[in-house]
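J.: Quick note, the sequences are listed as chains A, B, C, D, E, F, G and H, same order. For the first sequence, the numbering used here begins at 1 and goes up steadily by one. For the second sequence, the numbering used here begins at 1 and goes up steadily by one. For the third sequence, the numbering used here begins at 1 and goes up steadily by one. For the fourth sequence, the numbering used here begins at 1 and goes up steadily by one. For the fifth sequence, the numbering used here begins at 1 and goes up steadily by one. For the sixth sequence, the numbering used here begins at 1 and goes up steadily by one. For the seventh sequence, the numbering used here begins at 1 and goes up steadily by one. For the eighth sequence, the numbering used here begins at 1 and goes up steadily by one.
Everything labelled a hint here was simulated from the structure, so no lab data went into it. Heads up, a few of these hints could be off.
Stated by the list, open to error - What the simulated footprint calls covered on chain G by chain D, stretch by stretch (three residues with Cβ under 8 Å from a Cβ of chain D suffice, anywhere in the stretch; the number is not a length):
no., stretch
1, 87 to 100
2, 113 to 123
3, 146 to 154
These figures come from a predicted structure and were not determined experimentally. Where a beta carbon is used, it is the ideal one built from N, C-alpha and C, also for glycine.
Protein chains: 8
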Amino acid sequence: MKAKVLIVMGSDSDLPAMEEAAKALSGFSIPFRLTIASAHRSPELVDELVAGAEKEGVQAIIAGAGAAAHLAGVIASKTVLPVIGVPLDSSPLKGFDALLSTVQMPPGVPVATMAVGKAGARNAGILAAQILARQDKKLEKLLREFKKGLALEVKKKARKL
Amino acid sequence: MKAKVLIVMGSDSDLPAMEEAAKALSGFSIPFRLTIASAHRSPELVDELVAGAEKEGVQAIIAGAGAAAHLAGVIASKTVLPVIGVPLDSSPLKGFDALLSTVQMPPGVPVATMAVGKAGARNAGILAAQILARQDKKLEKLLREFKKGLALEVKKKARKL
Amino acid sequence: MKAKVLIVMGSDSDLPAMEEAAKALSGFSIPFRLTIASAHRSPELVDELVAGAEKEGVQAIIAGAGAAAHLAGVIASKTVLPVIGVPLDSSPLKGFDALLSTVQMPPGVPVATMAVGKAGARNAGILAAQILARQDKKLEKLLREFKKGLALEVKKKARKL
Amino acid sequence: MKAKVLIVMGSDSDLPAMEEAAKALSGFSIPFRLTIASAHRSPELVDELVAGAEKEGVQAIIAGAGAAAHLAGVIASKTVLPVIGVPLDSSPLKGFDALLSTVQMPPGVPVATMAVGKAGARNAGILAAQILARQDKKLEKLLREFKKGLALEVKKKARKL
Amino acid sequence: MKAKVLIVMGSDSDLPAMEEAAKALSGFSIPFRLTIASAHRSPELVDELVAGAEKEGVQAIIAGAGAAAHLAGVIASKTVLPVIGVPLDSSPLKGFDALLSTVQMPPGVPVATMAVGKAGARNAGILAAQILARQDKKLEKLLREFKKGLALEVKKKARKL
Amino acid sequence: MKAKVLIVMGSDSDLPAMEEAAKALSGFSIPFRLTIASAHRSPELVDELVAGAEKEGVQAIIAGAGAAAHLAGVIASKTVLPVIGVPLDSSPLKGFDALLSTVQMPPGVPVATMAVGKAGARNAGILAAQILARQDKKLEKLLREFKKGLALEVKKKARKL
Amino acid sequence: MKAKVLIVMGSDSDLPAMEEAAKALSGFSIPFRLTIASAHRSPELVDELVAGAEKEGVQAIIAGAGAAAHLAGVIASKTVLPVIGVPLDSSPLKGFDALLSTVQMPPGVPVATMAVGKAGARNAGILAAQILARQDKKLEKLLREFKKGLALEVKKKARKL
Amino acid sequence: MKAKVLIVMGSDSDLPAMEEAAKALSGFSIPFRLTIASAHRSPELVDELVAGAEKEGVQAIIAGAGAAAHLAGVIASKTVLPVIGVPLDSSPLKGFDALLSTVQMPPGVPVATMAVGKAGARNAGILAAQILARQDKKLEKLLREFKKGLALEVKKKARKL
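Let the sequences and hints guide you as you build the complete structure.
T.: Here you go:
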């Protein structure tokens, strides 16, 4: 099945966080491909991935990176697909570096930035689903059910207290 | 013509920044509605706007706010539409407050966060166009031309130097 | 016995910190109710809680949340009761995000913000007691004794040194 | 008429910000006294003010200060009245210093901290009104009307757009 | 023997850091007294300590505290003795709060601020020695030897490498 | 004359700062070329510039950019020439974003990062000269004279005081 | 008359701030010398100044610098005199750089750090006076009067309000 | 064999990070010397090292330090060799202090600043190699191979996923 979302991360050490994006997409039965490419160490590979993704029909790209996290921005410079950036907490500066490097994009080249770390990776998958749902009523319905589920889960926990 | 994008800002003093989002959408001939609603001072109005937007067929919501910028997050809690947050620099803390309040959303409720201020507002409009372009080949083509235009503009400036 | 203070937290993982608020209230024999509700995942539940609290005669609401901590602000947008916000350290950004998201409220909608984490939760309970003590001479006396106790405890520790 | 709220600021240069607290109280017809006392330059004066306030029947103290803003904390160490702290932006560090100095109080001695600057001063007056309203049904009604007014004002501005 | 330096800390949990100040003073055979007093929980005790220290002939006061670290500033407001402040890392905000609360003193009331944590506590003791050495040639000589020792120790470690 | 240093900036608005790099190089009679290229808006142009520079015999590349300043990092990913990054203060976040985006490079791809703004641009030119001087005794001598000049200038100013 | 305090600043542009230190010393009739020396541009000059100061009988050295403010630390590495550091706000980073560069000294080499900017410079003069007063009863009396004056001035301003 | 690069660190506790610089140089067969010298505790030793390095024919100096990391700046004030600074994370402030102390150098005295910690130390070695490669074609070739190796390693990890 063709991937509708491409998940790229800068390093294999980012996998524990970026798996959350994959889990979110799986929860909505959205086909995706997850791979590694570094904006700084393998720039050609990033270019190939983006070009390949556009041809394959990918609808959104999720990019997770830490430190001077340029991956999402570099991808966004090469495509008009929506790019979702996940700043990761992988340097002594606690993710402040990755957050600012991902979000402060210049006018013309947006990166849809998520929270630092696992929470952000999970939300990247959900945002991708929200984007895909613009042309998929069934997915939109799933998202509404997911939203209700979030509220129910909170209520259940409140009752347990 | 029905709005495809709703732009909401927390205060009329946010207009000079948020107009950039409107300009970006106009540049792609995307119909939008621009209004004011405060998550803290007029929460019911926010609810009505979101409900109205979903009925009208809005495909993405852009929310700009400063300080403890909850507007985008509160909207995201009420809809499954993609919500794009623009943190504004309107307190003594230079936008760090608005950035963290907008981007650090909990798992389950993403806000696609842009850069602080005008650059972010401009990019919010472009990201909305990228999302709409997933189901509109003509708009996708416009975005590719826009992207080429960005590069040409840089080259022109380089030549002038 | 009817609750005079409502303690709400955004997630069950916030309990170890927010229990400190409960302990402080118990120490002054103030009846309270402790529950979970998320501004982002269960916004309707938050509305119900606030409406219920007002009817029940609750005099102050304590809200603890981490990351883009909107809970206290969202509650404050729905009530004229004093709302006490406790920013929690539950993201990689060490609580700076929760602090700024809680304290930087716009004019018109105050949130009485406490320190980040357990110290702040403990103080939220004491501030609630101070507010209630405005109409309860016995509680005011208890607070004065508590204050003396703080000083005595310091002296005791100094002597042990 | 006896003051129900005491507003203290660390320096006369804090007046333009702290007047917002006075205006808010005036808007609710709450009698207040506004004065200057520095935690560091006139500590005895601070002690006298607090003692005097308690005798006079003051119900809440608002303290505004910049830089290493200790004023609210020092007042809170001397009274069981609710103390509302307003961090001011009066050093090169943009109010980050005053915010952290005001909000990070140790367990046992809360300071209800507001946003940095004018917005926070305005909200300090409103929080004081919310505290007083716990024993004053008329004031509570005024606060509800004020809250409606906030929403109406937003709607009016939205219409003008 | 009469203390020449008073070391005060805000809480007994500050002892592991503040012992470094004591060790530094011991290394120069400077008599000191080490005690606990909280600016917020035991303000009267702080006043007594300062008054007692002045009478006893103390020449410098070292104050260590975390979070909204007001202890050094409050002491400095009560004495013309040199006050040395040690910000401690005891809240989730990693000592940034204690540093800004200690160092950003208003004109008129200096606090000689040291580095955050153990390094700062150690240096507080050495600065106190440097102040005392202004009237004690023997101590000045010890300080010069200590300084040479620092350099020798570095050289020894370099040789071991 | 063939350029030995390439100065690239992300936008023409960066010129007032980046001219300082040019002035420094001119002061050492080092031939350079100054141009504009954006990592995000004209990535191909960046690639061409880097490839061209290597062919031309450029020995070091200076890259200045603000906000999510990826320019230096993107260049460094394409060359083994020393890349000198100058973070610029061109967003509301005061250059903290550009600094962290420039300096926090992952292992394998260094960027020699300078101070934020004009001071950093000036130093970028000097560092380029220091690198070139490794194979140019005359330039090394010029650098030693420049260094003496710095000291003399300070002394002159001291005398004027 | 021989200087008892040496005031050094890193650049002539620091004079408007560092004059405050001079004014404070003048207010106590303490002889001082004010000069310019840069830790980075004129390191030998710094060494000479320190050696000269020790010979002349200087009792404390005040050093003001901005950005990577190493001046106070470099002086402290060369003397056992108390060194008072004043971080200045002269880079885009608002003085956070100068503050951390001045205060975070390693164990063994203290710098008595003051607030950022003019307030800190003023306090540097006062701290120098407090150090000198340890061996000068008349100066100690002046300091006590100065302290009373601070309180009186606050009271006067309070009365004017 | 004569060292071409000198690696200096402020303390032996910096060795685990600074070894990364040594490893990088070893990987390129570049002879280096690694030693300890503190800008604050052994300033004369630093001077000797720099003078010795210049005589020996060292081409670049790498300096790693934490907290108020003055080492690289102090070295840069004494030489016209390129100085590469590595800020280390060795205080409670997570390396923000070392980063700002290293990078914010005044005009005239550049320090080529790397990322905080191990990543930065590794890159310091690579930057030194890039500088040496300006006069060593064989080394330049090694650097190109190293660069290809980085990309290959990423691809290998991507395939393993």
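J.: Check each numbered hint from earlier against the structure, then list the numbers of those it violates in ascending order.
T.: Going through the list in order, the structure violates no hint and respects every one.
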